[in-house]
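Peer 1: The listed protein sequences correspond, in order, to chains A and B.
Using my numbering, the first residue of the first sequence is number 44, and each one after it goes up by one.
Using my numbering, the first residue of the second sequence is number 44, and each one after it goes up by one.
Hints were generated in silico from the structure; no laboratory data involved.
Quick caveat, the model's predicted, so the values are computed rather than measured.
Check the hints yourself; a few may be wrong.
[Unchecked claim] Some chain A residues judged to face chain B by a derived CB distance under 8 Å, without partners named:
no.: 1; residue: Gln72
no.: 2; residue: Pro76
no.: 3; residue: Leu79
no.: 4; residue: His130
no.: 5; residue: Met136
no.: 6; residue: Val140
no.: 7; residue: Gly144
no.: 8; residue: Pro146
no.: 9; residue: Leu159
no.: 10; residue: Leu167
no.: 11; residue: Asn182
no.: 12; residue: Ser195
no.: 13; residue: Arg198
Where is the CB? At the ideal position from N, CA and C, for every residue including glycine.
Number of protein chains: 2
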Amino acid sequence: MNLPADFQSWVSARQSRIEALLEQVLPAQRIVPGRLHSAMRYAVLGAGKRVRPLLAFAAGELAGADVERVTIAGVAVELIHAYSLVHDDLPCMDDDVLRRGKPTCHVEYDEPTALLVGDALQSLAFQLIAEYRLADDPNTQLEMVKLLASASGSRGMAGGQAIDLESVGRKLTVPELELMHIHKTGALIRAAALLGARCGRELGPERLAHLDTFAKLVGLAFQVVDDVLDAEAPTATLGKTAGKDAQQNKPTYVSALGVTESRRFAEELRHDALRALEGFGERALRLRQLADFIVLRKF
Amino acid sequence: MNLPADFQSWVSARQSRIEALLEQVLPAQRIVPGRLHSAMRYAVLGAGKRVRPLLAFAAGELAGADVERVTIAGVAVELIHAYSLVHDDLPCMDDDVLRRGKPTCHVEYDEPTALLVGDALQSLAFQLIAEYRLADDPNTQLEMVKLLASASGSRGMAGGQAIDLESVGRKLTVPELELMHIHKTGALIRAAALLGARCGRELGPERLAHLDTFAKLVGLAFQVVDDVLDAEAPTATLGKTAGKDAQQNKPTYVSALGVTESRRFAEELRHDALRALEGFGERALRLRQLADFIVLRKF
Numbered sequence: 044m045n046l047p048a049d050f051q052s053w054v055s056a057r058q059s060r061i062e063a064l065l066e067q068v069l070p071a072q073r074i075v076p077g078r079l080h081s082a083m084r085y086a087v088l089g090a091g092k093r094v095r096p097l098l099a100f101a102a103g104e105l106a107g108a109d110v111e112r113v114t115i116a117g118v119a120v121e122l123i124h125a126y127s128l129v130h131d132d133l134p135c136m137d138d139d140v141l142r143r144g145k146p147t148c149h150v151e152y153d154e155p156t157a158l159l160v161g162d163a164l165q166s167l168a169f170q171l172i173a174e175y176r177l178a179d180d181p182n183t184q185l186e187m188v189k190l191l192a193s194a195s196g197s198r199g200m201a202g203g204q205a206i207d208l209e210s211v212g213r214k215l216t217v218p219e220l221e222l223m224h225i226h227k228t229g230a231l232i233r234a235a236a237l238l239g240a241r242c243g244r245e246l247g248p249e250r251l252a253h254l255d256t257f258a259k260l261v262g263l264a265f266q267v268v269d270d271v272l273d274a275e276a277p278t279a280t281l282g283k284t285a286g287k288d289a290q291q292n293k294p295t296y297v298s299a300l301g302v303t304e305s306r307r308f309a310e311e312l313r314h315d316a317l318r319a320l321e322g323f324g325e326r327a328l329r330l331r332q333l334a335d336f337i338v339l340r341k342f
Numbered sequence: 044m045n046l047p048a049d050f051q052s053w054v055s056a057r058q059s060r061i062e063a064l065l066e067q068v069l070p071a072q073r074i075v076p077g078r079l080h081s082a083m084r085y086a087v088l089g090a091g092k093r094v095r096p097l098l099a100f101a102a103g104e105l106a107g108a109d110v111e112r113v114t115i116a117g118v119a120v121e122l123i124h125a126y127s128l129v130h131d132d133l134p135c136m137d138d139d140v141l142r143r144g145k146p147t148c149h150v151e152y153d154e155p156t157a158l159l160v161g162d163a164l165q166s167l168a169f170q171l172i173a174e175y176r177l178a179d180d181p182n183t184q185l186e187m188v189k190l191l192a193s194a195s196g197s198r199g200m201a202g203g204q205a206i207d208l209e210s211v212g213r214k215l216t217v218p219e220l221e222l223m224h225i226h227k228t229g230a231l232i233r234a235a236a237l238l239g240a241r242c243g244r245e246l247g248p249e250r251l252a253h254l255d256t257f258a259k260l261v262g263l264a265f266q267v268v269d270d271v272l273d274a275e276a277p278t279a280t281l282g283k284t285a286g287k288d289a290q291q292n293k294p295t296y297v298s299a300l301g302v303t304e305s306r307r308f309a310e311e312l313r314h315d316a317l318r319a320l321e322g323f324g325e326r327a328l329r330l331r332q333l334a335d336f337i338v339l340r341k342f
């Protein structure tokens, strides 16, 4: 993947901001209960591509959003994402032992601690998004809290997990797969983009709808690429156990379409996503580059 | 327990309001994913004393709060409480099979569904408290979101669970027990009272501090009584498995103080709680009656 050097440094600078704020908002191990706080830090810090916060930053540029504000919104979204990974890895769900190149949280600590880590990370996300000033109008900020909550809940991310559970062992059609992923990963990715934009000046409903379409398509592309990588990349590159989908008999784009057709589909989604940005001009540069980054990534 | 008839009808009317709003905000089973929504409804509806919402209503009366608003705040708190019960009952935590007289959520459905039920109930709580107008000033409402989030998280309820985990098999002193319960049940009980009050006109920091002291003491008394009932009442009365604390070698007020001394301690806490209300006059009637209700209850 050859992305321009200035994009690489844009990404690095923002990843560092996210890391620094995560480091600051996660309670230190010396604060009671120490083991829980240690496990929360273990599950969140020091790894992860921070794709959702990056989308928030890129969308924030559309609206001239203050970078400090977007960092907080991005961290809140990342905490929700991190909690979902900890719970998904639990023995009663995917029963996975490796995540981001390290033992999963319940392996490194224990199962009840991992359960509480997820629960407490979710609370922390809402604490942050309510605590810091993210929008000039506090009513806008309340709408942002609501957006994050509905993207996380039973009609968003958690609902996607439930659809996933119901589909193990079944062969899904491509529309059924899409329904699952629009919930499971898409809802939070869309929330990330919209929250980033809402940290800035009002874009208006039409431009927000274009941004939402972009995020929806990029989110699907992200998932298609994830399925291809799970089928093809080695565990060492992924930082999580490769080949788990086939092993667990999970329906994926690869099982529905094959690798070649899945790659083509991801490319098509990227193309459509970029088209949704056509009216935005230069301010959408980072969004375009992120779409490339997400589809062309190797891990 | 002989509580005045008008208090009984005050309680019933408010329990009905809570039940009706819970019924309305929990997505119907016909909405995708149906099994998750069915399980969420199973875990929340049709049982439960709704003690936390009742405290919110009683505290709301101090501040002349609109009953509609308090209902929403009370439902948000109750959803957090309900999620915590579902997760606490999971095999990796207390491994309990009976709750509110019915099979626990993971027994009636399955373990991964129960995990997602808890996760999604937490999100729904924050969605509600951000979505409806609860305070004239939206900044006050953002503070209310933050209050609920911090009461739920690693320095509140989830943290209390973690302290509980660390203490199984150890004998705790009374101050150590208090630290655990101030987190585990106290944080959410205090949040319920403060949220109820904040739905009304500003009480000012001093009166809020008195209310908080009251809620803290009543919350502890609630826990002491819970421990006594677990040791003494039959399963059929409790609606959950009796005698679990001793069986699981959990430190309780009964194991630290014995039954007689625990009852005396609960009575002392009630007395102190009532003293914290001395400046409030007639508006605190329901709070006083609730303190009696909590300490004198038989289930």
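Peer 1: Hint by hint, say whether it matches the structure.
Peer 2: Against the structure, the hints come out as follows:
1. Of the supplied interface hints, the one on Gln72 (chain A) is violated, with its beta-carbon coming no nearer than about 11 Å to a beta-carbon of chain B, more than 8 Å.
2. With a cut of 8 Å, the hint placing Pro76 (chain A) at the interface with chain B holds, because the nearest CB-to-CB distance is about 4 Å.
3. With 8 Å as the threshold, the beta carbon of Leu79 (chain A) comes within range of chain B, its nearest partner Cβ sitting at about 4 Å, so the hint holds.
4. Interface hint status for His130 (chain A): upheld, as the beta-carbon distance to the closest one in chain B is roughly 6 Å, under 8 Å.
5. Restraint check, Met136 (chain A) versus chain B: the minimum CB separation of about 5 Å is within 8 Å; hint holds.
6. Interface hint at Val140 (chain A): violated, since its Cβ lies 16 Å from the closest Cβ of chain B, which is beyond the 8 Å cut-off.
7. With its C-beta approaching chain B no nearer than about 25 Å, Gly144 (chain A) sits outside the 8 Å limit, and its interface hint is violated.
8. Restraint check, Pro146 (chain A) versus chain B: the minimum CB separation of about 17 Å is more than 8 Å; hint violated.
9. A hinted interface residue such as Leu159 (chain A) counts as satisfied when its beta carbon comes closer than 8 Å to some beta carbon of chain B; here the least separation is about 5 Å, so the hint holds.
10. Because the beta carbon of Leu167 (chain A) sits about 5 Å from the nearest beta carbon in chain B, less than 8 Å, this interface hint is met.
11. Residue-level restraint check for Asn182 (chain A) holds (minimum Cβ-Cβ distance to chain B is 5 Å; threshold 8 Å).
12. Using the Cβ-Cβ criterion of 8 Å, the hint placing Ser195 (chain A) at the interface with chain B is satisfied: the shortest such distance is roughly 4 Å.
13. For the restraint placing Arg198 (chain A) at the interface with chain B, the shortest Cβ-Cβ distance is roughly 7 Å, inside the 8 Å limit, so the hint holds.
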